[in-house]
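Peer 1: Guided by the hints, dock chain B onto chain A, whose structure is given.
2 protein chains.
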Amino acid sequence: MTVPDHVLTLAEVEALSYEVLVAANVTSNIARIVARSVRRAEADGIRSHGLARLGTYGQHARIGKVDGQAAAELTKTGPASVRVDAKCGFAHPAIEIGLMELTKLARESGIAVLAITNSYNCGVLGHHVEDIADAGFVGLGFVNAPPSIAPWGGHTPIFGTNPIAFAAPVANRPPLVIDQSSSVIARGEIMLHAQQDKPIPKGWAITADGEPTTDPKEALKGSLLPSGGYKGAGLALIVEVMAAVLTGANLSIAASSFADDAGGPPRTGQLFVAIDIARLAGRNAFDSQFGCLLSAITDQPGARLPGDKRLAARSSTARDGVKVPDKLLAALIEKSKH
Amino acid sequence: MTVPDHVLTLAEVEALSYEVLVAANVTSNIARIVARSVRRAEADGIRSHGLARLGTYGQHARIGKVDGQAAAELTKTGPASVRVDAKCGFAHPAIEIGLMELTKLARESGIAVLAITNSYNCGVLGHHVEDIADAGFVGLGFVNAPPSIAPWGGHTPIFGTNPIAFAAPVANRPPLVIDQSSSVIARGEIMLHAQQDKPIPKGWAITADGEPTTDPKEALKGSLLPSGGYKGAGLALIVEVMAAVLTGANLSIAASSFADDAGGPPRTGQLFVAIDIARLAGRNAFDSQFGCLLSAITDQPGARLPGDKRLAARSSTARDGVKVPDKLLAALIEKSKH
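Chains as they are written, first to last, in numbering that gives the first Met the number 0: chain A, 0 to 337; chain B, 0 to 337.
In case anyone wonders, no lab produced these hints; they're calculated from the structure. Treat each hint with caution, since some may be false.
With a straight-line Cα cutoff of 27 Å, these simulated BS3-like cross-link-like pairs (lysine-lysine) come out [what the hints assert, rightly or not]: (1) 201/B - 103/B; (2) 75/B - 75/A; (3) 103/A - 75/B; (4) 334/B - 216/B; (5) 197/B - 326/B; (6) 86/A - 75/A; (7) 220/B - 326/B; (8) 103/B - 86/B; (9) 308/B - 334/B; (10) 216/A - 75/A; (11) 308/A - 322/A; (12) 103/A - 336/B; (13) 75/A - 103/B; (14) 201/B - 216/B; (15) 103/B - 201/A.
Derived DEER-like restraints, expressed as beta-carbon distance ranges [as the list claims (entries may be wrong)]: (16) 213/B - 213/A: 26 to 34 Å; (17) 213/B - 103/A: 49 to 57 Å; (18) 68/A - 201/B: 24 to 32 Å; (19) 229/B - 103/A: 33 to 41 Å; (20) 172/A - 72/B: 46 to 54 Å; (21) 103/A - 173/B: 31 to 39 Å; (22) 76/B - 310/A: 30 to 38 Å.
Chain A side only, calculated, beta carbon under 8 Å to chain B, not exhaustive [said to hold, decoys possible]: (23) 73; (24) 74; (25) 76; (26) 112; (27) 150; (28) 155; (29) 157; (30) 169; (31) 173; (32) 237; (33) 239; (34) 274; (35) 278; (36) 328.
Glycine included, each C-beta is placed from N, C-alpha and C at the ideal position.
Bound-form chain A, shown alone (with noise of 0.2 Å):
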């Protein structure tokens, strides 16, 4: 390599992936899979669910928190819906061979959903909703995770950080990706931070006894706090609902953590909807209504587009690589090798 070694290109990010996910006994065509996740996450600066996270995937393949070898089985349930069962495998091949069936069925029937139940972390959500949109439908996403925010009024997290996620299709650019959680800010940047030995700033979250923390170890303990508050704990409540009751998978609150080994596998669930907008607006209206609805708000001075700074990151680390902390890389490379 020419760069210095602590920078990696996408493919060596994705080949690291890899090699450290076979190690960890995991299928080659779902460490393939997984393997490009890793690298969307790192293209798009999405650290949290990058090679940050890859040491946990392999250690929770090698004590079976999530099976390497599951195969996915999917069932047509209706002429415009559909279920996966991941079996306790990665949520990632699991929704791949979903997002296929889901836009046929809503090229066929005008919307279509997908649940995804007895899965693991899926990774970035806005990712599989961009898949959707690359496929020229409208896409909604949710995902329910282990606990981390309480209800509105409570203490004790009975929620996942339970992100929402929408992207559609833009003419003459990618698609407008919407990724949030319902909590002020994601699990994963906290645990970067903690990770990273940094402080949060206040308003993330709270301690176990409720008392406002910069702490990213004490707030991983507490729970994280809803953004815009009871909307916040709402939102968070809408997307238990989707991805959680109406999937069968496991509650949050039943759900074990994504960080620890504790608890056997999470079974988390993900639902997905794809809306075919040739039979709305139809797509010439859809471009052209879209494409004024944007240029209103980039037209003001200080705007900006949800995912530009996504965007921005997939331009530059296509170019120059992504920085990868010294003592992170030397533990995947070790962990790469058996």
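Peer 2: Quick look at chain B alone, frame taken from chain A:
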């Protein structure tokens, strides 16, 4: 009546609403549907969409800003998709015929979508998704409105308060309904404060110059603040695409005010999704898991379910009726006469 004349029973609210609408040249059948929605709003204590708005409905019907004679036109565009052109009439009758088809298609296909275009203020969004849940489905609703929220980083409103609503059936109690605007507070609340000459709390809105304000009239000329900062602006954008771009309705920036007489029909849009529980988790598993989730909330001291305030109001107004300000009541009685 044995009650003081400034307290109306819900039946009296509905009858008065019907008279005001018919006097404003609204067709009897449409007046009945809209009057019922005013009653439901007052029953749930949502006064901003109750009698306080009825005078505007009548005035707009008189001047043709809403067509009180319009015959909404339904088109089935796919096995699971339906569009209704409200023809610049009230949203309520368009939604009523649309929801009947929506739930039929969702039962056949597993999920279905209803897009309403060329429409008007739909009243309480949560009531329409509650109807979807009462029919046994999980419901989502999106609606846009004249501009009142600026994009994140900008100063000029381009989004309506753009609420999102969700409802799901609960065994042995009314559906859980979550109905949240993308702003810190609904515009209707600020209109109500302006009507009653009451100041608004700080943090609800900014003036046209971007300054914080407690004057509801200045707030109505400026911009509402999105809930949770950029995440509320993100939600407003999602809702704008779902309710306006996908339905072929006016963008919020092109929609005339719901409050004053200028600009002709607002031609806003609504979009609803119904999901068939039987095709996903199955009704028994859904009921059982949903029950666990709701208990995990209500078991926590201090925690409360979204919509509890509305349900409590529903009980008390059914028993005690609703207090109507004398000035408002006198004005409405006057309007019902000619």
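Peer 1: Each hint: holds or not?
Peer 2: So, going through the hints one by one against the coordinates:
1. Note on residue 201/B and residue 103/B: the hinted pairing is violated, with a Cα-Cα distance of about 46 Å set against a maximum of 27 Å.
2. Taking the CA atoms of residue 75/B and residue 75/A, the gap is about 23 Å. The hint holds against a cut of 27 Å.
3. For the hint linking residue 103/A to residue 75/B, the alpha-carbon distance of about 19 Å falls within 27 Å, and the restraint holds.
4. For a cut-off of 27 Å, the pair hint linking residue 334/B to residue 216/B stands: about 25 Å separates their Cα positions.
5. Our distance criterion of 27 Å between C-alpha atoms is met by residue 197/B and residue 326/B, whose separation comes to about 16 Å.
6. Distance hint between residue 86/A and residue 75/A is fulfilled; the C-alpha atoms sit about 16 Å from each other, no more than 27 Å.
7. Restraint check for residue 220/B and residue 326/B: satisfied, since their Cα atoms lie roughly 25 Å apart, inside the 27 Å limit.
8. For the hint pairing residue 103/B with residue 86/B, the CA-to-CA distance comes to about 23 Å; that is within 27 Å, so the pair holds.
9. Annotation: proposed proximity of residue 308/B to residue 334/B is violated, straight-line Cα distance about 31 Å (limit 27 Å).
10. Distance restraint check for residue 216/A and residue 75/A: the Cα-Cα separation of roughly 43 Å exceeds the 27 Å cut-off, and the hinted pair is therefore not satisfied.
11. Under the criterion of a C-alpha separation no larger than 27 Å, the hint pairing residue 308/A with residue 322/A is consistent with the structure, at around 17 Å.
12. With a C-alpha separation of about 57 Å, the suggested pair residue 103/A and residue 336/B falls outside the 27 Å cut-off, and the hint is violated.
13. For the hint linking residue 75/A to residue 103/B, the alpha-carbon distance of about 19 Å falls within 27 Å, and the restraint holds.
14. With a C-alpha separation of about 14 Å, the suggested pair residue 201/B and residue 216/B falls inside the 27 Å cut-off, and the hint holds.
15. Our distance criterion of 27 Å between C-alpha atoms is broken by residue 103/B and residue 201/A, whose separation comes to about 49 Å.
16. For residue 213/B and residue 213/A, the Cβ-Cβ distance of about 31 Å falls inside the hinted range of 26 to 34 Å, so the restraint holds.
17. A hinted range of 49 to 57 Å holds for the C-beta pair residue 213/B and residue 103/A, which are about 54 Å apart.
18. In this structure the hint that residue 68/A and residue 201/B lie 24 to 32 Å apart at CB is violated, the actual value being about 57 Å.
19. Checked against the hint of 33 to 41 Å, the pair residue 229/B and residue 103/A passes, with Cβ atoms roughly 35 Å apart.
20. Take residue 172/A and residue 72/B: their Cβ atoms lie about 35 Å apart, and the range 46 to 54 Å is violated.
21. Checked against the hint of 31 to 39 Å, the pair residue 103/A and residue 173/B passes, with Cβ atoms roughly 37 Å apart.
22. The hinted window of 30 to 38 Å between residue 76/B and residue 310/A holds, with their beta carbons roughly 32 Å apart.
23. Here the hint on residue 73/A is broken, as its CB sits about 14 Å from the closest CB of chain B, past 8 Å.
24. The criterion of a C-beta within 8 Å of any C-beta in chain B is not met by residue 74/A, whose closest approach is roughly 10 Å, and the hint is violated.
25. Because the smallest distance between the Cβ of residue 76/A and any Cβ of chain B comes to about 4 Å, under 8 Å, the interface hint for this residue holds.
26. Hint on residue 112/A holds. Least Cβ distance to chain B is approximately 4 Å, under the 8 Å limit.
27. With a cut of 8 Å, the hint placing residue 150/A at the interface with chain B holds, because the nearest CB-to-CB distance is about 4 Å.
28. About 6 Å separates the beta-carbon of residue 155/A from the nearest beta-carbon of chain B, less than 8 Å, and the hint is met.
29. Using the Cβ-Cβ criterion of 8 Å, the hint placing residue 157/A at the interface with chain B is satisfied: the shortest such distance is roughly 5 Å.
30. A distance limit of 8 Å between C-beta atoms decides the matter here; for residue 169/A the minimum to chain B is near 10 Å, and the interface restraint is violated.
31. Taking 8 Å as the C-beta cut-off, the interface hint given for residue 173/A is violated, the closest approach to chain B being about 15 Å.
32. Because the closest C-beta pair between residue 237/A and chain B is about 5 Å apart, less than 8 Å, the hint holds.
33. The interface hint given for residue 239/A holds, since its Cβ lies 6 Å from the closest Cβ of chain B, which is under the 8 Å cut-off.
34. Evaluation of the residue 274/A hint against chain B yields a held restraint, the C-beta minimum of about 6 Å falling below 8 Å.
35. At about 4 Å, the closest approach between the beta carbon of residue 278/A and any beta carbon in chain B falls short of 8 Å, and the interface hint on this residue holds.
36. At a threshold of 8 Å, the smallest CB-CB gap from residue 328/A to chain B is about 32 Å, leaving the interface hint violated.
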